[in-house]
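The chain contents come next:
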Amino acid sequence: MSVLVYTENWDGKFKKLSFELVSYAAKVAEMLNTSATALSIGKVETSELEKLGKYGAKKILRLEHDSLQALDNQAYTKAIVDIVQQTGAKVIILSNNNTGKALAPRLSVKLKAGIGSGVSKLPLSLNPFVVYKRVYSGNAFAHLSIETDIKIITLAQNSFELIDISGTAAIENVSLQLDGSLVKTQIKEVQKQTGKILLTDAEIVVSGGRGMKSPDNWGPLVELAGLLGAATACSRPVSDEGWRSHEEHTGQTGKIIAPNLYMAIGISGATQHLAGVSSSRYIIAVNTDKGAPIFEAAQYGIVGDAMKVLPKLVEAVKEMKSK
Amino acid sequence: MKMLVCISSVPDTTTKVKFVDENKKFDATGVQWVINPWDELALTRALELKDTSAGVITNVTVAHAGPATAEPTIRKALAIGADEAIRVNIEPADAYSVASCLADSIKTEAFDMILCGIESSDFNGSTVGGMVAECLNYPSVSAVSQIHMENGQPVITREIDGGKEVLTVPVPFVAIVQKGIAKEPRIASMRGIMTARTKAIKVIEQAPVVPLTRIIQYELPAKRAACIFIDPENPKQLIELLQNDAKVI
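Chains as they are written, first to last, in this note's numbering: chain W, 1 to 323; chain P, 1 to 249.
Quick caveat, the hints were computed from the structure, so don't treat them as lab data.
The model shown is predicted, which means the values in this text are computed figures rather than measured ones.
Hints may contain errors.
With a straight-line cut-off of 20 Å between C-alpha atoms, the simulated DMTMM-like cross-links for lysine to aspartate or glutamate are [as the list claims (entries may be wrong)]:
no.	chain 1	residue 1	chain 2	residue 2
1	P	K179	W	E247
2	W	K13	P	E159
3	W	K51	W	D11
4	W	K290	P	D231
5	P	K223	W	E296
6	W	K196	W	E247
7	P	K16	P	D122
8	W	K121	W	E147
9	W	K318	P	D245
10	W	K318	P	E240
11	W	K16	W	E45
12	W	K312	W	E223
13	W	K110	W	D82
14	W	K192	P	E159
15	W	K312	P	D231
16	P	K164	W	E248
17	P	K164	W	E189
18	P	K236	W	D305
19	P	K247	W	E319
20	W	K188	P	E150
21	W	K15	P	D161
22	P	K183	W	E248
23	W	K43	P	D161
24	W	K318	P	E233
25	W	K184	P	E150
26	W	K58	W	E48
27	W	K13	P	D161
28	W	K184	P	E165
29	P	K24	W	E147
30	W	K13	P	E165
31	P	K202	P	E109
Extracted from the complex, chain P is given alone in its bound form (with noise of 0.2 Å):
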């Protein structure tokens, strides 16, 4: 079997976050960019089944979508483990365009599972998972919190509101998954960052794709007020004022 992760290249999540042209461009001066930490947990697991499959999973392969200055996140999924990575050489406008020129690029790659993270923490749109299963016409299943192999088949674990479901799809198909389907990260290894750096990245040229959804304009969050702080040896007039003023308990 193989796997395909895709990933998404998203500024560290320390970042502080600004933007430039009247707020209606991120200001990535400075900006350290990273895997998007659910990919990054989704490539973990991809590569824990491939080596505890016996054989069955023989490939796991990242793909992304966006401009070559993403190459560096790239390649720390080739450090980690990753066998092979595909590059879809457009300049993302939606997540639409993202996951339609992702889709036409893996389309003829026969890949049997297709895992995605849940969320990107740049946009946070929860969509280009399902929108590449979509175009692929394949099954999908979301909120996936585990992923393991019975007798050589892939079984899920989904959450749903106030439990979970084990359940089975078909080969292929995509997971969009999330909390719960790695623990931690994989970090890359020495030789894992040597042996990436001389692999290739295959690039892949599509047409661009007429997004459906523009961002007009950003905005920062209104500031809060300053913290009222209450003697720590009365919490009582804490619980007067949620209960009087913010009228919340």
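One chain only, chain W, in its complex shape (with noise of 0.2 Å):
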């Protein structure tokens, strides 16, 4: 009855959320009275695998294969079937992140394994097997029972608490038979942003609306973002209308996000809007208009002029940090 948990790496490199799938694997492992193993994929680093240890991985299988360079989704899908099938795990977690979605449905239907997506919480219990997951866009949350033997769980971003209980693992190099022949993506280019913290990893999100009222006017919103280590976002009019790249746009049809503090500026807080924001920890906004509905979902603020309040904001921080 063993748990899987499949840590994705970056060049190499695992982050902040292959720590917190691993905590909330270890935590799910142990409700079932068995042990977290971690299936890494690609090149990494022995010094780098034993993180996943110290976040309660009792094992890391390490799988380097030349089929599976690049994410390949029927490549990796029977890759980690066999895995599954070595190991005899019956609960397998993955990240809710593009990888994650990519693969678990793949999964699924392939191991006739239900699928819980964008789980926020522990198992509500074991026998039914009931996870917790956002519906209705953020409206509304279910109780959803995995009713098969396997089960899968791709996991919130940003959902569960790092977990470092400095533990160690074993490591065990894995192969396996993988016939390049099932590889059917090829990549012709590969586009990096560097240097830049990404929205969906970040911990604050500093987010302008139209309030902002002209592209020519973000450059004390970055600043703010800057000041506080955050990433930027924007709202759909926004990005429709080009003033921030369509990357930018948080919300129902942009990117779901769950930071620890989002600051909405100049953004009314249209139901679609709050769809791609709302769980995220606290809400702070900063509005001309009282009765904006994101002052509904805000925990503290301002009533005001984004123009004459971002400057503030901005010399505030500034004198918090030269403290």
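From these two lone chains plus the hints, build me the complex, please.
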């Protein structure tokens, strides 16, 4: 009845979401009186793999294979299914990020395993196996019973606290028979942003809406984000107008995020926008209209013009940092 | 080439979500049903590709799995410009039952490109597209933000953490599409609405599939405490609260 967690790496490194996943998997394993095994695919140094042990993985399987260099959904599915069968894992945990969303549904069909996706809590019960997930774009939650022998969970990012148990893990190299002809994905070009805090990884997000009035007014917002180590985001009208890149659009049809702090500057807070940010721990809002729906979602609010409030916020953060 | 767009019928995104039967059932009273926003963008892109492909793409079909009550939503897709529509007549029980019935119904139709929206705005599962691909044993690409044609072949851009990859996969494939795939959903023209009225929706019967999951109950999000307002002349107070009370900066 072991728990298998797939820990993706980025150029050989793990990040916070990897440790969240392992912390979560270790807790689920504890509930089931078993242990968590992490699966790592690709080239990752032993010292990096050991970090997974700190958060509770008892065993780490390192799989390197020529056919698994780039993400090909069919090849990766085949590999993970083989590992599930070798280990007899009954609970499989992935992130609800792009990779998890690409693989979990294929694994589900291949293993006839029910899937709870975007899960944000530990299982509510084990028998039946019930998970807690976001539905209706954050306007509700569901208790979902997974009714198959093998269960798949994809964990919502930033929904589970890291638990550093200072543990150690046994690292085992595994190999598989994988036919290279299985790989159908041909990567032609990779474009990477560097040095930017990713919106989905960020603990603090500073986001601007129509209240920013023009694409030329973002200087203080970007400065505030820089001072706070935050990522920048925007509402849909802003990305539709081309004021900011569509990669920054948070909301129902954009990125769904759950940072510790979401600062909505000049955003009225339409249902579709809130759908993308309602899982944030703290929401603060700056808006000229006291009746704007964003204030119903926010813990702290300032009724005022973003253009006037932003420079003062920048000054206040500078002062805080100088202390 | 033939394209298929899988569409889900969802409550209008401004719907006030409520439940009945001790929170076991969604309250559909007075709800407006629409094409799932991502599926609508997928359909828009499929039609754009067909329009600009100089005859390479000959047909865009939409498929929906669900009861006859979804036909108005399917007709909207026809009005926007889909050439044909398929409705798989099942009572959807979970993502797997939808995906396997869809896959079974279309496997003999030889679609080259199947587009699915990344998630439905009601169950937020992000699973049907990948499941359809696995049921058909087709390659799939997820997090797709662009598809264009180059020398008659589709070229796909997918989002990765912190970047993008431009790639190809051989047809037939399933692309699971998201933000970026089309700018604005295409709006039905008057002529489109008129012709959609008389287009036939092909109904395919499928035996019910045993679901893998079941929703036991729903709950509404906990009400947030009332917003604490801070003097706009003194935002310093906000920074202090965030630092000392919320401890998030």
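Item to complete: Would you check the hint for K164 (chain P) and E189 (chain W), treating anything up to 20 Å between C-alpha atoms as holding?
Response: Between K164 (chain P) and E189 (chain W) the Cα gap is close to 8 Å, so the pair holds against 20 Å.
Worksheet item: Are the Cα atoms of K312 (chain W) and E223 (chain W) separated by 20 Å or less?
Response: Within the cut-off at roughly 12 Å; holds.
Worksheet item: Is K184 (chain W) close enough to E165 (chain P), meaning Cα to Cα at most 20 Å?
Response: holds (14 Å)
Worksheet item: Would the pair K318 (chain W) and D245 (chain P) pass a check requiring their Cα atoms to be no farther apart than 20 Å?
Response: Roughly 19 Å separates the two Cα atoms, so the pair holds.
Worksheet item: Going straight from one Cα to the other, do K13 (chain W) and E165 (chain P) come out at no more than 20 Å?
Response: Given that 20 Å is the threshold and the Cα spacing comes to 19 Å, the pair holds.
Worksheet item: Holds or violated: K179 (chain P) with E247 (chain W), Cα cutoff 20 Å?
Response: holds (8 Å)
Fill in: Distance restraint between K16 (chain W) and E45 (chain W), which requires alpha-carbon spacing of 20 Å or less
holds (17 Å)
Fill in: Proposed proximity, D305 (chain W) with K236 (chain P) (alpha carbon, max 20 Å)
holds (16 Å)
Worksheet item: Can the restraint linking K183 (chain P) and E248 (chain W) be considered satisfied, given a maximum Cα separation of 20 Å?
Response: Measuring from Cα to Cα gives roughly 15 Å; hence the hint holds.
Worksheet item: Does K24 (chain P) pair with E147 (chain W) here, judged by a C-alpha cut-off of 20 Å?
Response: Since the Cα atoms of K24 (chain P) and E147 (chain W) sit roughly 17 Å apart, the hinted pair holds (cutoff 20 Å).
Fill in: Satisfaction of hint between E150 (chain P) and K184 (chain W), Cα-Cα up to 20 Å
Answer holds: K184 (chain W) to E150 (chain P) is near 18 Å, not above 20 Å.
Worksheet item: Is it true that the CA of K312 (chain W) sits at most 20 Å from the CA of D231 (chain P)?
Response: holds (12 Å)
Checked against the numbered hints above, the structure violates none of them.
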